[in-house]
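Q: Work out the full structure: start from the sequences and follow the hints.
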Amino acid sequence: MADRMSIIVFSGTVDKLMAASILATGGAAMGMEVEVFLTFWGLDAFRKDGYKTNTVKVYACSMTMELFDKKLEDLEPIVDDVTGVATFVERAKEGKITLFI
Amino acid sequence: MADRMSIIVFSGTVDKLMAASILATGGAAMGMEVEVFLTFWGLDAFRKDGYKTNTVKVYACSMTMELFDKKLEDLEPIVDDVTGVATFVERAKEGKITLFI
Amino acid sequence: MADRMSIIVFSGTVDKLMAASILATGGAAMGMEVEVFLTFWGLDAFRKDGYKTNTVKVYACSMTMELFDKKLEDLEPIVDDVTGVATFVERAKEGKITLFI
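Protein sequences, first through last, are from chains A, B and C.
Going by my numbering, 79 is the number at position 79 of the first sequence; the sequence numbering is gapless.
Going by my numbering, 38 is the number at position 38 of the second sequence; the sequence numbering is gapless.
Going by my numbering, 83 is the number at position 83 of the third sequence; the sequence numbering is gapless.
Do not take every clue at face value.
Any copy, or any two copies together, can satisfy a pair, since identical chains are not distinguished.
What the hints assert, rightly or not - With a Cα cut of at most 30 Å, we get these calculated BS3-like pairs of lysine-lysine:
1. Lys70 with Lys16
2. Lys57 with Lys71
3. Lys70 with Lys57
4. Lys57 with Lys16
5. Lys16 with Lys71
Quick caveat, the hints were computed from the structure, so don't treat them as lab data.
A: Shown next as structure tokens:
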């Protein structure tokens, strides 16, 4: 089992983005690998902030990218990569905490 | 530990039902057992959709069934069974991912 | 791994507080350690209810306490202690289920 926290950021409201950011930062501060998966309103609203420490990886949901007609260039340097839900789940299930925000 | 994803579907809005469905399908595609527990607005709004593959089990929350005065016949073939929260939790804790949507 | 369920109560609406309470009670009924972390609207709205069995511990988020200018005396006997997100995460990652509500 990996010392990993996986956060699905679905919501795009400021309060929930703040909560996600605080949890991601808290996990990273405890030495965990933190992976954030931006989807739906979360991808639309996401802006560069406290997430981008070395230990927090940010992925954009490929399905949402198509839906919103966005490209990786539109999101860099916020987003490390574009990935599908199955790949995210595959990594999340090896970890210790998975949250849907 | 079981290779299981447990999803509590509490919300009944279209966007969250879609997210739950995509995550359930993604988990099943990776070979995980997926269990969905419909409760509150999730039970009220739930309609037959992509969930019902062989590897996704759908349970209705018994407390919510009473609250909404619904019977299993009203929900079949969407729902496999009616169960209590304790039973759902008992299975979820053996799994790898549990989400509240 | 501890037989623990950790619930982050972020939302303050009655339906979500009820869901959190039912899940906490269900987990405790199955013999799990249950820890609730009240944050944001969840801390603001939280009232003494079914949570306070012996096996459910309730923590208030220290950052939210400062934000809302609340003191532990304002919340007792609802809240067992005030804690930071990192401490909560540290305990959650040793457990079996972590939920964000």
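Q: Hint by hint, say whether it matches the structure.
A: Structure-based check of each hint:
1. Lys70 with Lys16: Both ways: Lys70 and Lys16 sit 22 Å apart in one copy and 21 Å across, limit 30 Å.
2. Lys57 with Lys71: So Lys57 and Lys71 pass the 30 Å test inside one copy only (18 Å; across, 35 Å).
3. Lys70 with Lys57: within (19 Å within a copy, 34 Å between copies)
4. Lys57 with Lys16: both (18 Å within a copy, 24 Å between copies)
5. Lys16 with Lys71: Cα proximity of Lys16 and Lys71: in one copy and across copies (24 Å, 24 Å).
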